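Enquirer: As a plain string of letters, each chain reads:
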Amino acid sequence: MSDLVERLKAPLKEGLIDVKASRGRRVFVRVRRESFRDAVSHIISGIGVRHLSAITGVDMGGEIELLYHFAYNSVVLTLGVSVPKGSPTMPTVTDLVPGAVFYEREAHEFLGAVFEGHPDLSPLLLPEGWPEGVYPLRKENDYNKLHETELRKV
Amino acid sequence: MSYGSTIKVPFGPQHPALKEPEHFLFEVDGDTVVSVKPRIGYVYRGMEKAFELRTYHQNMYLAERICGICSHAHTTCYAQAVEELLGSEIPPRAKYIRVIIAELERLHSHSLWVGIAAHEVGFDTLFMYVWRDREAVMDLLEAISGNRVNYAMNTIGGVRRDLNDEAVQKIRGVLDRFEKNVKGYSEIIGKEQTFVKRTRGVGVLKPRDAVSLCAVGPTLRASGIKSDVRLDDPYAAYDEIPFNVITDDGCDVFGRTVVRCGEMLESINIIRHALDHMPGGKLKVSVSRTVPPNETVSRVEAPRGELMHYAKSNGTTKPERYRVRSPTLANLAAVCQTLVGVHLADIPIILAGIDPCFSCMDRLAFVDRRGGAWSCTAEELGGGRGQ
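Top line first, the protein sequences correspond to chains A and B. With the first letter of the first sequence counted as 1, position 84 gets the number 84 in this note's numbering; the numbers rise by one all the way through. With the first letter of the second sequence counted as 1, position 283 gets the number 437 in this note's numbering; the numbers rise by one all the way through.
In case anyone wonders, no lab produced these hints; they're calculated from the structure. As the structure is a computational prediction, the values presented were derived from the model and not from experiment. There may be inaccurate statements among the hints.
Among the chain A residues that face chain B by a calculated CB cut under 7 Å, a handful are [as the list claims (entries may be wrong)]:
1. Pro11
2. Val49
3. Arg50
4. His51
5. Ser53
6. His69
7. Tyr72
8. Pro98
9. Gly99
10. Val101
11. Gly112
12. Leu125
Each residue gets a CB set at the ideal place from its N, CA and C atoms; glycine is no exception.
Given these sequences and hints, build the entire structure.
Expert: Following this line, the structure appears as structure tokens:
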């Protein structure tokens with residue numbers, strides 16, 4: 001596990017913000033947005049991780065944090081990157097991990113993250129006619145507000 | 155044959171494969187699929203938001219209701235996540251009980267699937283036999299927990315019910331009969347031409363694609379990839395129980411059937427081993443209602459594959475963020491790729507091949523025996539405001 005972190009640290013240098021391990025087999029690594037693509041390519045080609053379990057978006061207030069959960073044998077390596085809510089753009093990873101296609105779409109639909117280069121960011125889960133720009137998992141949209149949301153006629 | 159032009163064929167949302175809603179838009183040339191576009195969420199319930207509104211203990215009930223088949227997988231995953239956030243360790247006996255219920259759940263889920271696969275290819279006799287045997291497992295789960303599904307066995311810090319000697323005897327008896335019958339069905343499936351012709355070479359998912367599209371569970375293992383959370387990232391008591399991970403190199407629907415039949419036999423061995431080696435002692439430890447700020451990822455091998463939950467706590471009694479990624483979503487990209495190039499008539503069996511569980515995103519609905527159906531709001535359930 002510590003070996004895994006060392007193998008990430010070397011190539012990322014200043015791009016790395018924080019590393020923590022909640023227990024032996026769960027590692028959280030936070031990187032700067034500029035270094036994100038390099039980190040993903042390194043995880044895949046350098047370390048040899050093949051499986052992306054999911055992408056989780058978290059509303060952090062002024063920012064949206066995107067967590068990419070990579071499974072590597074017994075370890076889940078979570079790569080975190082923050083984007084400002086005002087311009088939540090991220091490069092897509094679908095060219096590196098084709099399996100990310102629906103996870104990015106979900107993060108777009110529920111938190112408004114925009115993945116540049118993604119083939120299709122059309123709605124996947126929310127009802128037809130759901131208004132654009134209302135992202136249910138953002139904290140400013142509380143349950144009552146979402147309940148009042150009116151669907152467009154389609 | 156090619157017609158030189160394509161037409162679009164909508165499939166679903168009314169029950170495209172199983173009795174659950176999902177929509178696929180197929181573009182076909184003649185009867186060959188050229189492209190496929192899925193639209194899910196017809197039964198979306200906003201559960202991740204709902205998790206943020208309820209306390210950790212209330213959320214156990216919510217987690218139980220994410221899915222009607224693999225509810226124990228979801229509660230195990232949820233309980234593990236919260237136990238990890240709290241830093242608490244559950245008693246050894248609770249770990250064994252979690253394993254036994256999880257494997258009984260796998261038996262009823264996989265036998266449900268084998269029945270549906272048989273039905274989709276027109277082999278209804280097998281469907282009825284397998285479902286007859288599945289009933290015995292459901293009765294067993296009812297005898298243990300009081301419920302055929304949603305067993306409510308898990309709690310944060312352990313399990314809620316013990317297995318007494320009578321239950322253990324019952325389990326052993328049912329397993330003996332089930333094992334004999336599953337071995338018989340496996341043999342029939344391999345020989346019966348009506349089944350083989352409709353499944354072998356159908357819905358091919360090459361190992362490279364299965365890996366790059368991040369497929370999970372029997373879908374991945376039937377493409378020859380040895381990957382199972384129980385082995386790779388052991389939880390509960392799986393690190394103390396020997397078992398084989400079943401794979402097949404067929405990469406097709408037939409291979410997916412072989413894997414699931416093999417896994418049922420493995421599950422039987424796991425349960426027997428767990429019953430033989432079950433430690434005594436307490437069933438649960440008491441845990442705090444407030445959870446310190448922390449985050450974690452929890453994984454279990456649900457019947458359909460890797461199930462992943464992410465939990466983030468903020469020092470209160472309610473989670474800051476809770477994320478559920480069910481195995482069906484993980485397999486969606488793979489099944490969409492598999493469907494390109496197939497014949498229209500093979501769509502149902504290929505869709506069913508991943509054992510999709512659309513209700514992992516469902517909304518709570520109750521069926522009135524007098525006819526009709528209604529929805530129950532969160533208010534009526536004693537929670538916050540309904541959606």
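Enquirer: Check the structure against each numbered hint from earlier and tell me which ones fail, lowest number first.
Expert: 1, 2, 7 and 11
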